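Colleague: If you read the protein sequences in the order shown, they are chains R and D. Per the working numbering, residue 1 is the first one in the first sequence, and the count goes up by one each step. Per the working numbering, residue 1001 is the first one in the second sequence, and the count goes up by one each step.
Since the hints were derived computationally from the structure, they do not count as laboratory data. Because the structure is a prediction, the values reported are computed rather than measured. Treat each hint with caution, since some may be false.
Said to hold, decoys possible - Reference listing, derived: stretches of chain R covered by chain D, where coverage requires no fewer than 3 residues with Cβ under 8 angstroms from a Cβ of chain D: (1) 28-40; (2) 84-91; (3) 200-207.
Stated by the list, open to error - Looking from chain R toward chain D, a few residues come up when the C-beta cut is under 8 angstroms (computed): (4) Ala-44; (5) Lys-46; (6) Arg-54; (7) Ile-55; (8) Ser-56; (9) Ala-62; (10) Ile-152; (11) Trp-155; (12) Gly-157; (13) Pro-158; (14) Thr-165; (15) Ala-166; (16) Gln-261; (17) Phe-263; (18) His-267.
Virtual Cβ for every residue (Gly too), placed ideally from N, Cα, C.
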Amino acid sequence: MKNWLKTVLAVLALAFVATAPAAAQNNNFNPTKEAVKEEQLLNALKPGDRLTGRISIPDEKAASLIQPTGQEWRTFHQQKLPIIGGVAILGMLGLLALFFLVRGRIRVEGGFSGETITRFASLDRFTHWLTAGCFIVLALSGLNISFGRMVILPWLGPETFASLTALGKLAHNYLAFPFMFGIALMFVIWVRDNIPEKIDLEWLKQGGGIFSKGAHPPARRFNAGQKMVFWIVMGGGVVMSVSGWFLLFPYLAQNGVSDLQFFTSIHALLAVLFIAAMLAHIYIGSLGMEGAFDAMGTGEVDLNWAKEHHGLWVEEEQAKAKGGKVAPGAVPAE
Amino acid sequence: MARMKFLCDADRCIECNACVTACKNEHEVPWGINRRRVVTINDGKPGERSVSMACMHCTDAPCAAVCPVSCFYTTADAVVLHSKDLCIGCGYCFYACPFGAPQYPRVGNFGSRGKMDKCTYCAGGPEADFSTAEYEKYGRNRLAEGKLPLCAEMCSTKSLLAGDGDIIASIYKERVMKRGYGSGAWGWKTAYKETINV
């Protein structure tokens, strides 16, 4: 009985063993053939991501195989940015030229009185010119990096242009620091007088009075237009500083090239808009309005100019000079 | 004229890094700069793939398009080279390159960048052929001697092919037909805007 059972079990075992190898031996699977292909991996990539693997180099960032986002960055920088920049900057210059031709230089209607009042102290003027001076060099060197190749290289030739651009890049990198300091200082000394108020709405409703003669909407130390410039400079300055910081120190970027592409794009885009806004500010402070430049030039402005454009501020200053503070809008007893 | 290209046969690459070592040695590439590197995908798993990656010398090179000082030029053999004299070390070529080929020695202000360095297809640079200046700045000029890039010559499995695009494409096609499958020519669609039909 036992022998018979052993034989049956042996036959069953043999049958099992005989069939098993045939099942395991699937000759169709070839790991190299089934390995990932480039198309597959690229299609599975999320936007902004890159194909990476393992490398023996210690720097992890070198593990990238293909980063398709570079192509998009190229398209933005070489095609979209020049259009946006052209429209913003050339458009603004065009608008200013048109305004000057139609409205002309805004005159002091009562004529110059000959008397002056102190508008900006040394600290105000120092801060303004520190920031403005840096801004001019930063703007020009920056525009050169983005557009110089199209506009200036054909004139100067490759060697001269490259030397000029290299100098511009150094100026850009080093002047960034006094510019950031100037922005911070501006905020500290002027934020108090730039908080938006009710009378600013009135000023805005009258369009600042720049479109018509005889209109002098209410303004204190800074009118609504100037407050807008202040906040544009603060906002723009902060964004440019933060994005610029990562371009100065590229090894701080956590995500490598994707972060740098992002910050470069932001930096370039904000730059052209910032420059367009500042062109308007520079226009009105120099050519656009008679008597305006003196404010930042010497710090002393004509009294008639001040009464016409910053009437409430003049009242406050004169009351202070007589001694004691005056509530805004209050009229002296005389 | 020949249109020079690189083709890394990812089915043959064994990640020996001979191409990396050959390039580093021949051009005396300084520490920290990796003109050529081998990247491995799915390391240790079935279907592991290694690809040797350096500058692909693209048609319509993105690096050349974005350079603010236009320091790149394409030779008659379609090799993309640049001038270190004009380079200002801004990094834009690195942002645009799909393969991460541009490298920097980090000697610029605040320890950033410096003059860009990359694979030259062993074709030197704008300086006179075989001059000391050319060797110091760009490395050896093998193409002027009529030789092919050293990385491909040193490849232990002949997976990295360098030479005229049509010739290496036909070699690769032959291999694919023989094997019955192929991994595709990695980077060809991005660099040369074409794929190899097998």
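Colleague: Does each hint hold? Answer for all of them.
Modeller: Here is what the structure says about each hint:
no. : hint    : verdict
1   : 28-40   : holds (count 10)
2   : 84-91   : violated (count 0)
3   : 200-207 : violated (count 0)
4   : Ala-44  : violated, 12 angstroms
5   : Lys-46  : violated, 16 angstroms
6   : Arg-54  : holds, 4 angstroms
7   : Ile-55  : holds, 6 angstroms
8   : Ser-56  : holds, 7 angstroms
9   : Ala-62  : holds, 6 angstroms
10  : Ile-152 : violated, 10 angstroms
11  : Trp-155 : violated, 13 angstroms
12  : Gly-157 : violated, 11 angstroms
13  : Pro-158 : holds, 6 angstroms
14  : Thr-165 : holds, 5 angstroms
15  : Ala-166 : holds, 4 angstroms
16  : Gln-261 : holds, 5 angstroms
17  : Phe-263 : violated, 10 angstroms
18  : His-267 : violated, 12 angstroms
Violated hints, listed in ascending order, are 2, 3, 4, 5, 10, 11, 12, 17, 18; each of the other numbered hints is respected by the structure.
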